[in-house]
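Got chain A; can you put chain B on it based on the hints?
Protein chains in written order, with the working numbering: chain A, 1 to 266; chain B, 1001 to 1320.
It is worth saying that the hints were derived from the structure and are not from the lab.
As the structure is a computational prediction, the values presented were derived from the model and not from experiment.
There could be a bad hint or two in this list.
Some chain B residues well away from chain A (every beta-carbon gap over 10 Å; in silico) [to be verified]:
#, residue
1, Glu1117
2, Ala1137
3, Gln1146
Chain A side only, calculated, beta carbon under 7 Å to chain B, not exhaustive [to be verified]:
#, residue
4, Lys75
5, Thr76
6, Ile82
7, Ala83
8, Pro84
9, Ile85
10, Arg255
11, Lys256
12, Gly258
13, Leu260
Note that beta-carbon positions come from the ideal geometry of N, C-alpha and C, so glycine has one too.
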Amino acid sequence: MESNWTSPWLFLVYSVVKPIFGTLILVFMYLIILGGVQDQTLFSFMFIGNAFYMFVAQTMFGVAYVVQEDRERFKTLKQVYIAPISYFMYIVGRAISKLAITALAVVITLIFGVAFLNVGVDLGATDWLLFGVGLFVGLLCVVVIGVALAGITFLTARHSSGINEGIAGLFYLFCGVVYPMTVLPSWGQTIGMAIPFTYWLEMMRRALAPGTDFSAISGLGGYSNLEITALLLATTVVFLIISVAIFRYADHLARKKGKLDMNSTY
Amino acid sequence: MSDAIEVKSVTRVFGGNGKGPAKALDDVSLSVKEGELFGLLGPNGAGKTTLIKILATLLLPSSGQVKVLGYDVEKEVDKIRPRINMVSGGDVGGYGLLTVRENLWMFSQFYGIPTKEANERIDHLLKLFALDDKSNAKVRTISTGQKQKMNVIRGFVTEPDVIYLDEPTLGLDVNASFAIRTYLRKWVKEQKGKTMLLTTHYMVEADELCDRVAIIDKGKILACDTPINLKRMLRRSSTFDVETTIFPEIESMGRLAGVEGFQVKQLGDKVVTRYVVEQESVIADVISAIQSKGGKLTSLSKTEPTLEDVFIHLVGRGLE
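Looking at chain A on its own, in the form it has when it is part of the complex:
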C-alpha cells in the first residue's frame, strides 16, 4: 500500500524526486546565504544530516499517517484492528516498507551530493560496522517514535498531521540536522543531547565521511565512536519504552472513548 508501483512515474515523483528537490532547495539556500561553499566540512555536515533526516520526516510521519489513512481513506482500520495480528506489528510492517522507499531517496540524494557537490562521503573508507549499527538503531528509533505518533493519531483526527509535523520539526530544530547543535542556546543543546537522532546523525556522518573531521563543529567531538554508539543505544531504549507506553495507553483510551472509527477529514 505504501507506493503505487503500478504507476512508476507517480511513485518516482512522490518518493524520489520530491525529497531530492527538497534537499536541493536547502543546498541553494546555503549557497546563496554563504555565497558558495566556503566550508566543505560544514556543507558535508549539512548535506549528510539532511539526507538522513528524510527517514525521520518521511517515515516517522508516514507511519503515523497509516492510522489516518486506514481509518478515513481506506476505511479498513476497524477490520485490521479486530484481526488477531497485533496492530502494533501491523504498523511496524507498514513502516518497514516506507523505510525501503525512503532509503532509495536517501541513496540517490547522497550519490547526487558526492557526484555534483563534492560531499565528503568516501565509500572506500567507510566504517561499515559503525554505519550498520547506527543505521539499524536509528531506523528502529524512527519506527518506534512513528508508532507512538500512530497511537496519538488514534485519538485525534484533524490535528494529527499538525502534531506529527510539529514533532518532526522539533527533531529538526534540536538534533543538529542542518546546522551544528552548538549554535543553539545551552538549554536547546541539552534537549538535543536527550534525543537519539542527534547521535544517529553524528554516527552516519562519522561512518560515511571518515576523512572529514566534524568534531570542531558538531558539539559531539569529545565523544568516541563507542561512546556515541552507547548514547544512541541508551536514548533509543528510553524512547522505545516511552513510545510503546504511549501507543498502549492511546490504544486503550481510543477503545474507551470510541475513537477508533471516527471520521472527520475526508
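Frame of chain A; chain B shown alone:
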C-alpha cells in the same frame, strides 16, 4: 449448547458533543447461543452498532460485562479476535490500489491462514458471490455493491466462530442484497456451531433469517424471542391498514383509546396508516374519528402481524 455471546447489564455512555452525555446502551442484557443466527432489530441510533463494536473488541462498555466465546472483551481480546469477524454495511472499505484478490489474501494473512488454503477459500467465495470475474480488478475500479460483496467475503474467508454483520445489505440493490441473504442462510445451515449476530433495520430480513430477534430502541432491549413468538405477542391485538385522504391532526389518531401502535405513510394525496389495536372493535372508533376530522376512507384491510407490527406495538411508532 453454551452461550457464544453473553451481555450482562451493559451501559455505554458517549460524551455527547457538548449536549451532555448520551446513553447509547442502557442496561442491556442478552445472550446468544452457539450456532444461533441472532438478529438485533431497531431504528438508526437505537444502539445496534454500539453493541456490535463492543462485541467486536472495538469499544469498551462504560459498565457491565460482555463475554464472547467465554472470554471477556476487555481483558481477553487476544483469545477472542482469532475467532470473530465483522462486516459493516455502508462501509465499503478496501485498499483501492490492490486487487480484490490481494485485499482478501492480505486480510486472510492477518488471521494466519496458510496461503494455499486462503486462496482456495477466496476462489470458492468469489465464485459463490459471482465476483470471480473481478478478482484481479483493482478495488478502486469496482462498484459499491461489488465492494460490499468483497467485504462480506472478507468476513467469511477467515471462517470465524462468531460473525457480526452490521446492516450488511445497507444501500445495496435488490440483486446484491439477495445474493448476500442467500449466502447467510446457507452458511448458518451448513456451518454447524457457528454463530451470527445480524443487525438490521429491514424487518423482512430479520424475520426471514433469524432464529431469535431482539428489538432495541434508545439503547434498551424491548423484547427478545423467536420471530414467531414475537408476532404471537400481537395475538390479542389486530393490525389494520387504513387508506384515507389527507386530513388534519393525523398524528392525534395514535392517541385514541385502544390504539397500541400507529405508523403513517403518505403516498401522493393518500395516507396509508397502520393501526395496531387492542380489539377489532376499536377500528370502528378510528374510522369515526377519521371522518369527524374530514378524512375520507378509501380502503381498509386487516393484515397478519409482522415484526414491524411488533416493533410498532412495542415502541409506539414505526422504524422509518
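Hints, one by one, checked against the model:
With a least beta-carbon separation of about 16 Å from chain A, Glu1117 of chain B lies farther than 10 Å from that chain, consistent with its non-interface assignment. With 10 Å as the threshold on Cβ separation, the claim that Ala1137 of chain B sits away from chain A holds: the shortest Cβ distance comes to roughly 13 Å. With a cut of 10 Å on Cβ distances, Gln1146 of chain B stays outside the contact zone with chain A, its closest approach being about 15 Å. Interface restraint check for Lys75 of chain A: the shortest CB-CB distance to chain B comes to about 3 Å, inside 7 Å, so the restraint holds.
For Thr76 of chain A, the interface hint holds, since its Cβ comes within 7 Å of a Cβ in chain B; the closest pair sits about 5 Å apart. For Ile82 of chain A, the interface hint holds, since its Cβ comes within 7 Å of a Cβ in chain B; the closest pair sits about 5 Å apart. Hint on Ala83 of chain A holds. Least Cβ distance to chain B is approximately 4 Å, under the 7 Å limit. The beta carbon of Pro84 of chain A comes within 4 Å of a beta carbon in chain B, closer than 7 Å, and the hint placing it at the interface holds.
With a cut of 7 Å, the hint placing Ile85 of chain A at the interface with chain B holds, because the nearest CB-to-CB distance is about 4 Å. Among the interface hints, the one on Arg255 of chain A holds; its C-beta lies about 5 Å from the nearest C-beta in chain B, closer than the 7 Å criterion. Contact between Lys256 of chain A and chain B, as hinted, is supported at the beta carbon level, the nearest pair being about 5 Å apart and thus within 7 Å. Interface restraint check for Gly258 of chain A: the shortest CB-CB distance to chain B comes to about 5 Å, inside 7 Å, so the restraint holds.
Taking 7 Å as the C-beta contact cut-off toward chain B, the hint placing Leu260 of chain A at the interface holds, the least distance being around 5 Å.
Of the numbered hints given earlier, the model fails none.
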